[in-house]
Every structure is written in C-alpha cells, then in structure tokens.
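Protein chains in written order, with the working numbering: chain U, -8 to 191; chain Z, 251 to 896.
What the hints contain is simulated information worked out from the structure, not anything from laboratory work.
All values reported here derive from a predicted model rather than from experimental measurement.
Please note: incorrect hints may appear among the correct ones.
To be verified - Stretches of chain U that chain Z covers, calculated by requiring three or more beta carbons in the stretch to come under 8 angstroms of a beta carbon on chain Z:
hint: 1; segment: 77 to 84
hint: 2; segment: 101 to 111
As the list claims (entries may be wrong) - Taking lysine-lysine pairs in the BS3-like style, the calculated list, with each CA pair at most 27 angstroms apart, reads:
hint: 3; chain 1: Z; residue 1: Lys851; chain 2: U; residue 2: Lys91
hint: 4; chain 1: Z; residue 1: Lys540; chain 2: Z; residue 2: Lys785
hint: 5; chain 1: Z; residue 1: Lys418; chain 2: Z; residue 2: Lys376
hint: 6; chain 1: Z; residue 1: Lys785; chain 2: Z; residue 2: Lys612
hint: 7; chain 1: U; residue 1: Lys119; chain 2: Z; residue 2: Lys473
hint: 8; chain 1: Z; residue 1: Lys418; chain 2: Z; residue 2: Lys405
Unchecked claim - Residues from chain U that keep clear of chain Z, each with C-beta distances beyond 12 angstroms, as calculated:
hint: 9; residue: Arg65
hint: 10; residue: Val68
hint: 11; residue: Phe71
hint: 12; residue: Leu73
hint: 13; residue: Val88
hint: 14; residue: Leu98
hint: 15; residue: Ser114
We put the CB at the ideal spot given by N, CA and C, even for glycine.
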Amino acid sequence: MNMAHLLTLGCGIVSLQRNGNVFRPTRLGLLAYLLAVKPVDIFPVRPALDVEATPAHPRRSPGRASRIETILLRSLVVLFVLALLACGFGAQHISYVREKNRLGRDLRRTELDLRALTQTYRSLEAEKSVELAQRSLQPPPQPAKADLVQQAVPAKTSRTSVVQECKSTPTSAGGAAFSRQRTRVADGRHPTRRSRVAGR
Amino acid sequence: MFKPFQYRRLAAIVLLVLAGLVWVCDRLFDIQITRHRELLVRARQYAQSRRVLEARRGEIRDRNGVVVAISTPVKSIYLNPALCSNRLDQVAQTIGPLLEIPPEALAERVRSCLQRSDRGAGEPQKALLLRHNVPVDEWRGIATALDLEMFGLGKPNLSAAEQAQLRKLRHQILFARDTQSRSYPGGESLCQVLGFVSSRTNGSGLAGACGIERSCDEVLAGKDGECLSQQDAAGNELPAYREHYEMPTDGNRVVLTVDLRLQRIVEQALASARTQYRARGVSAIVMDPKTFEVLALACCPGFNPQNPGASTNETWRNGVFTDMVEPGSILKFIPLAGALELGLTTLDSRIYCEHGLFVVNKVPVHDHAPYGLLTCRQCFAKSSNIAFSKIGLALGPERLYRCMTNFGLARCPGVPFADETSGRICLPRTWTTMSLTRAAFGQGVSVSQLQMAVAMCVIANNGRMMRPYLVSRIESPQGQILRQYQPQFVRSVVSPQTAQQVTEALKAVVSPEGTGNLAALDRYTVAAKTGTAQKSDGHSYVAGRYYSSMIGFFPADAPRFVIAVALDEPQNGYYAGTVAAPVFRSIAEQIAACLQIPPDKGTSVPAGNTLARPTPSIAQPAPLPASRVPVQVPNANHAFASTPKR
Chain U
-8 MNMAHLLTLG CGIVSLQRNG NVFRPTRLGL LAYLLAVKPV DIFPVRPALD VEATPAHPRR
52 SPGRASRIET ILLRSLVVLF VLALLACGFG AQHISYVREK NRLGRDLRRT ELDLRALTQT
112 YRSLEAEKSV ELAQRSLQPP PQPAKADLVQ QAVPAKTSRT SVVQECKSTP TSAGGAAFSR
172 QRTRVADGRH PTRRSRVAGR
Chain Z
251 MFKPFQYRRL AAIVLLVLAG LVWVCDRLFD IQITRHRELL VRARQYAQSR RVLEARRGEI
311 RDRNGVVVAI STPVKSIYLN PALCSNRLDQ VAQTIGPLLE IPPEALAERV RSCLQRSDRG
371 AGEPQKALLL RHNVPVDEWR GIATALDLEM FGLGKPNLSA AEQAQLRKLR HQILFARDTQ
431 SRSYPGGESL CQVLGFVSSR TNGSGLAGAC GIERSCDEVL AGKDGECLSQ QDAAGNELPA
491 YREHYEMPTD GNRVVLTVDL RLQRIVEQAL ASARTQYRAR GVSAIVMDPK TFEVLALACC
551 PGFNPQNPGA STNETWRNGV FTDMVEPGSI LKFIPLAGAL ELGLTTLDSR IYCEHGLFVV
611 NKVPVHDHAP YGLLTCRQCF AKSSNIAFSK IGLALGPERL YRCMTNFGLA RCPGVPFADE
671 TSGRICLPRT WTTMSLTRAA FGQGVSVSQL QMAVAMCVIA NNGRMMRPYL VSRIESPQGQ
731 ILRQYQPQFV RSVVSPQTAQ QVTEALKAVV SPEGTGNLAA LDRYTVAAKT GTAQKSDGHS
791 YVAGRYYSSM IGFFPADAPR FVIAVALDEP QNGYYAGTVA APVFRSIAEQ IAACLQIPPD
851 KGTSVPAGNT LARPTPSIAQ PAPLPASRVP VQVPNANHAF ASTPKR
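Let the sequences and hints guide you as you build the complete structure.
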C-alpha cells in the first residue's frame, strides 16, 4: 500500500483494495467513497439458494496501516463536514449581523430624527411659554388720574399728622448715656441693658 | 505497508499538530481565563459606550398656570483637539467665525489644551468645550456651514490618505451634546422664590441651587436614562449592540400658590419704595389667611436667575424665609392676644404708661412719646412699650413664651423651603424681668418675616393656625395632578373672640390716632401693626439703623389678604408709620383693584365672615375654657395698675 493513494483526491479516491473484487469499480467517486461506512467487502456475492454449500471466504483482518488510514480519512471527513457547517453558520451569522446593523442604523436615524423633532417642539413650546409669561408680566394699564387723586386726598392729611408726631419724638433712638449698656440681642440672646427703643 | 521513515514522518507531523493544538489551548486559556477580566475591561473601554440620557427638568408655574421656569433644549459644542493638532490655524480660521469666537483665541485655547496633554497632565483631552447653551437652530446652522467647508479638500495633488484625513476632520472636528438650559420668562420676577439652577457635579443635567429649584429638586429633576452600547472606531453608537437602554423620565411640574399678578404688584411697590426711601433692602409677603397660601413674595434688590453670578450672594437669599430679625413692635399683637385670651386684660382696660419712663429692675423702658393713662386699645394703637412691658410682666415668662411659640415663633413654619429659619427665642427659665419686658414688645427675640405673617394669619383666621405652603400641587409633564396640597390645620391658638378683639385693636392702629394711619384705605377696613426695630451690630444697637415693618390684613372684618412689608435701613425716614405704611397701602390698594375685591367701608359686611364677639369687661371677664383659665402671676396687679403711680 502506498499513502500516496490517500492524497490523490483530484479525480476521486483510488480503491485501497481492488484485488479479487470483480464488482468493485476501479475508481470510486468522492461522494460514494465518503458514504462508504467501511472498506468494501471483497467477498463475492453468495449464491442465494445454497448458502451452506458456498464455502466461507476467509475475512482478512485489516492491517495497522489500513486502520490508521481509515481513522485519518474519517477524521478528515468529519472536519470537512464541520467546516461546511461552520461556513454555513458563519454565512448566516454574517447576514444576520449585517441585517442587525442595518436595522440599528435605521433605528439610530429614526431616533435622531425623533430627538431633533422633540427638541424643536420643546424649543417652540418654551418660546411660547416665555412669550405668554412675558405678556402676563407686562404692567397693567395705569388707573385713571381722577381715581389717583381721590385716593391720595385722605392720605395727605394723615401723613402730615404723623410727620408732626414724629418730630415731637426724641431725635435719637439711643442716647449716649445708654449706648454703653447695650448688648447684642439680634442673635436671640437676652437683651440686657438698653436705651429707649423706637417702639413704633 | 508503511516504511519506517514514513512512520517517523507521520509521527512528527502528528506531534507538530499536537504541539500547535497545545499552544492554541494555552493561548485560549490565557486569554479566556487568566487575563479574562483585564482584557474584558480593555475591550469595553474600546468598544463600549455609556450615554446618559438627560431627563428634562420640570416646569414651575404660578397658580394660574403661567410658566415661571422652563427648560429649553440646547447644545454644548465641543471640539476634538487630537484631530486638529497639525492644522490648528486652518481649523481656527474655519471654525472660529462659525462659533463667533476670534480665531486667535480659539487657536490659543486648543494649543494650550494640546500642550497640557503633551506634558502628560492626565489623559489626553478628547473634547474641548467651546460654547454651551447654543440653541438647537443655531447648532443646525453651524453643522450645515461646517459641511460646506472644504478644509483644503479642493486642492490638487492630494493623496488618498490626505483626503481621508481632511474628510474626517470635516466630519468629526466639532460635535455637540444635548443638554438643557433653564429659562425664567419673568426675568427677576419671583427670583428669590424660584432660586436658580447649576450644573450637576457629574456634569450632566441641572440641579437646583437655591429656592424652589432646590427645595423641589427631586420632583423637578426627573430621572436620567442610560444607554449602554457598543461603538465603532469613530465613536458612533451601534444601536444593534445595546446592552441596556433606559428611557429618561422627565421631571414633574411644580405649581406654586403664588399669583403672578399680585407678585408683579408687590415687586413694583417694593422697587419704588426702595428708591424712595433709599432702603438697603425691602421685602414683602402676601398670604391668604384662610388657607395660609403664599400669594406673593418679593425681596428687593433681586437678581437674574439666568445669570445669578452677576449679582451678589446676598441677593440670592429669600430674606422673608431665611433672615432672622428682631421684629420690634409688630410683635405686640401676640402678647396682647395672650393677655386677652387669659383674661388678664380687655381692650378697654386702662394701663398707666408712666409718662414715657418705666423703670424695671433699675433698667428704664421708654415710649416714643409720654403717655399717661390709656386704654389697652390706645396703648396698642400708639404702640406703647411701657404698656406692653406691663402686659409681659402680667403674663410671666412661661406664658409669654408659650404664647409666642403657639403663634409659630421659634418653630420652623414648614413651608417647606430651603434654609427656612425657625428664629430664636430663649427658653423662659433663662429670662430675667428685663428680658420679659423687652420680649413683650419685640426685643430679644429673633423671628422671620414669614413667621410674623403666619402669626397675623392666625388672628385673621379666627385664631386657627394652618400650615403655610408655597407649592399648590405637583403635576406630571402631561398635566396630570400627582399630588394636591391642601390647607392643613395645625392648632387653634386663640379663641375666635380673642382674635376678633385683637382685630379691633389692629384696626385702631390704622385709625387717625394710631401709628399706622398712612396705611388706611378709602374703601376697605384695614387691621395692621407697625414696628420700628433698632438693628444690632452684634454687640449693641446701632443708632440710625432701623428695621421698619408693617403687618396687617384687609378687609379687616372679612380678611382676604395678609400683607407684611419690611424696609431694611431706610434713609428717608425710619418710622414704620411713615415708610412701611405707604408701601402697605399701595400694595393693598392695587391688589384690591386687581382682584376687584368688593369694598367693605360703608357697606354691610358679609354675615358669614364676622363673629359676634362681645368685648369682656374687667369686672366680668369672658368665660374661658378650663385649659385657658388664667393663672395668677405675681405682680399682676402692678402690671395692670388702673391708677397712675405719680
């Protein structure tokens, strides 16, 4: 046997054991070979009616090299299948990610548009509120002059009397004689000695 | 069959493959297990983006729905310094005019930023803030103009790499971040109530710094959202890889009890009063005595909440709520109410005023004019300190203190408002006779203007105290009412009869013989009290520095508004009757005209708003509840001597 047979995959895999098997084609297609579970049994087809009469063909135990080749081939096949599956999943994942990104971009664009619109709406709303508030804060129309005069008359007399009263009161609310005796009270401490207070 | 050398070759190949597999496994183990955490962090740094989605701060409105504070979406514009390191001048020349920044100044800022990075002062700065609070429309204009800039792309003989770099420069040199700015449509109006906002410590969003903005910050701020996602090499978010997305919850709306129409009236009156009397500061508060709602509140001078830095810190403070002052004579209605409630006196009881000099424990008490024998009503109208010293002595420290605290002094009014003061009154066990006599006419105690307004509201509300409040309701951003604040009864301070008697005394103050006659209105009855308190510098009273105030309500028999006015250190006159009373009158007149209050002078007063209150005589005092039976105090007869001593 030659390991070179294993590597000849260009036009199919050459049968490993062809001697004496008249039913086996000399060259197997790759697919047929891959589907084969084990090496082809080279024993000829037994007569259907005379099973006992037909002498059993002695089965040859495969050699060590043959077993290694088989294992390697099977491993390759499994790897190949896995690679195919991975490629399939990979392609699917790529398309999934692309679609996801496209949707994300759309979402982002929509979000930005929505935000811009919200901002515009809120700006306009704020402007409107500011305008309304400023309008309501404008001074009211001045009352008629006659009303003002009418309201001012009684106040004038009373103000005069108060001014006179103020003049009659002591000029200083705190005399020099008592100023030394004052202490702090604004912070809630006890008032101690104090002078006269304004008291009105 | 294999030849031996073929077996060796095969074995060598297998060994090589195995060795390769072992190496791969080792690397995988190293990457996936040993350095997993470190590499995960690094990968996240490169790929993960975390964005805070700023919640919109809620509005503040007045009781009629007029917006007084609102958030406007704006942009903060940043520049990426790393992109323009080798084209600094070109970038500055192009971008400067768009942002209205001189190119030289812009270049200098970017250069200093780059130099900082080169010196190794921290990580290289990825963004340099160029302008903030840029309106959305303006940013759009800037972005469009930037797209039209060539950045030298039109030059011939540019390599593909250079073209790519210039395109990147054009698209990524400037970027903007969404943020918000706070607008106050009224300008300085209501500034001390509203307060202002500042940036949060993490740089995202706004936080209330003082006023209602601070008190109601949790309600107004809302809840920021968060977006955890992956980003591409250019820093663009990949929404397909969002790990966590939480929408922001906008802040709720706060509706105040303040009426902007009244607020405007008060502010105008205060501004003109400050000019006229050259006062250091003027403040006023208007309250509804039925509900204890704050209807208007102003302090002058104010500040612009949108630019608070332009004014001094003092103007930021809401003095009505936060400043402790010695109230002076406006406090006299509280001991009067206590004495009337306890049956220690009546309005017609006569008190000898010692002709202007009363010595208590060798310490004199003076009146501003010498009075002889006056009725209690007259003593109150003329604001006799001597008479109220005697009333204080009659009450005694314990009862006077209890009377004051029952009226809400020395207790936080509980509006609530940031830095609301509770005032200070010493415990009665530490009072001396002198402090007792002084406290009865408003010295030695510290109160806020709000506390005095609340105490006056108690009188106007037939002795029933409610909790004052400034926030009417909380609404969702869509206008749904989430919480409605109702008037909250606190306690009954004095009986309705006593309140009515105090009202009668307060009306006498505004009569022609009273100190507050300038506050009288033509078509409305007014009940008020004036007070001129000397100011202390911390050690002693200072001559020429006064705190003039007036507090009262109108119409007197069916109170609608309680008004408290205070002038701090007026220069053109200082007696409250001459400086505060006209301001009180002006505010009351304008409010009545604005709200079309039906006049009560010369017309019959609505029956439901008055109480038939017989005035108790000295011989037969009004029956008091068991808990209010007056306790005999020593020297009570001395305090209420009905005959002159000299």
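Evaluation of the provided hints:
Note: the segment 77 to 84 of chain U has 0 residues with beta-carbon separation from chain Z under 8 angstroms; the three-residue rule is not met and the coverage is violated. With 6 residues carrying a beta carbon less than 8 angstroms from a beta carbon of chain Z, the segment 101 to 111 of chain U meets the three-residue requirement, and the given coverage holds. Note on lysine 851 of chain Z and lysine 91 of chain U: the hinted pairing is violated, with a Cα-Cα distance of about 80 angstroms set against a maximum of 27 angstroms. A hinted pair counts as satisfied when its Cα atoms are at most 27 angstroms apart, and lysine 540 of chain Z with lysine 785 of chain Z does not qualify at roughly 33 angstroms.
For the given pair, lysine 418 of chain Z sits about 15 angstroms from lysine 376 of chain Z by alpha-carbon distance, which is consistent with the 27 angstroms threshold. About 23 angstroms separates the Cα atoms of lysine 785 of chain Z and lysine 612 of chain Z, which keeps this hinted pair within 27 angstroms; it holds. Taking the CA atoms of lysine 119 of chain U and lysine 473 of chain Z, the gap is about 25 angstroms. The hint holds against a cut of 27 angstroms. For the proposed pair lysine 418 of chain Z and lysine 405 of chain Z, the alpha carbon gap of about 16 angstroms is at most 27 angstroms, so the pair holds.
The beta carbon of arginine 65 of chain U sits about 16 angstroms from the closest Cβ of chain Z, which is more than 12 angstroms, so the claim that it is off the interface holds. At roughly 17 angstroms, the least C-beta separation between valine 68 of chain U and chain Z is larger than 12 angstroms, which holds for a residue marked as non-interface. Against the 12 angstroms criterion, phenylalanine 71 of chain U stays outside the reach of chain Z, whose nearest CB is about 16 angstroms from its own CB. Every C-beta of chain Z lies more than 12 angstroms from that of leucine 73 of chain U, the closest at about 15 angstroms, which supports listing it as non-interface.
A cut-off of 12 angstroms between C-beta atoms contradicts the statement that valine 88 of chain U is not in contact with chain Z; the least separation is 8 angstroms. Its closest Cβ contact with chain Z, about 5 angstroms, brings leucine 98 of chain U to no more than 12 angstroms, contrary to its assignment away from the interface. Here serine 114 of chain U does not stay apart from chain Z, with its beta-carbon only about 6 angstroms from theirs, under the 12 angstroms limit.
In summary, the structure is inconsistent with hints 1, 3, 4, 13, 14, 15 from the numbered list given earlier, while agreeing with the others.
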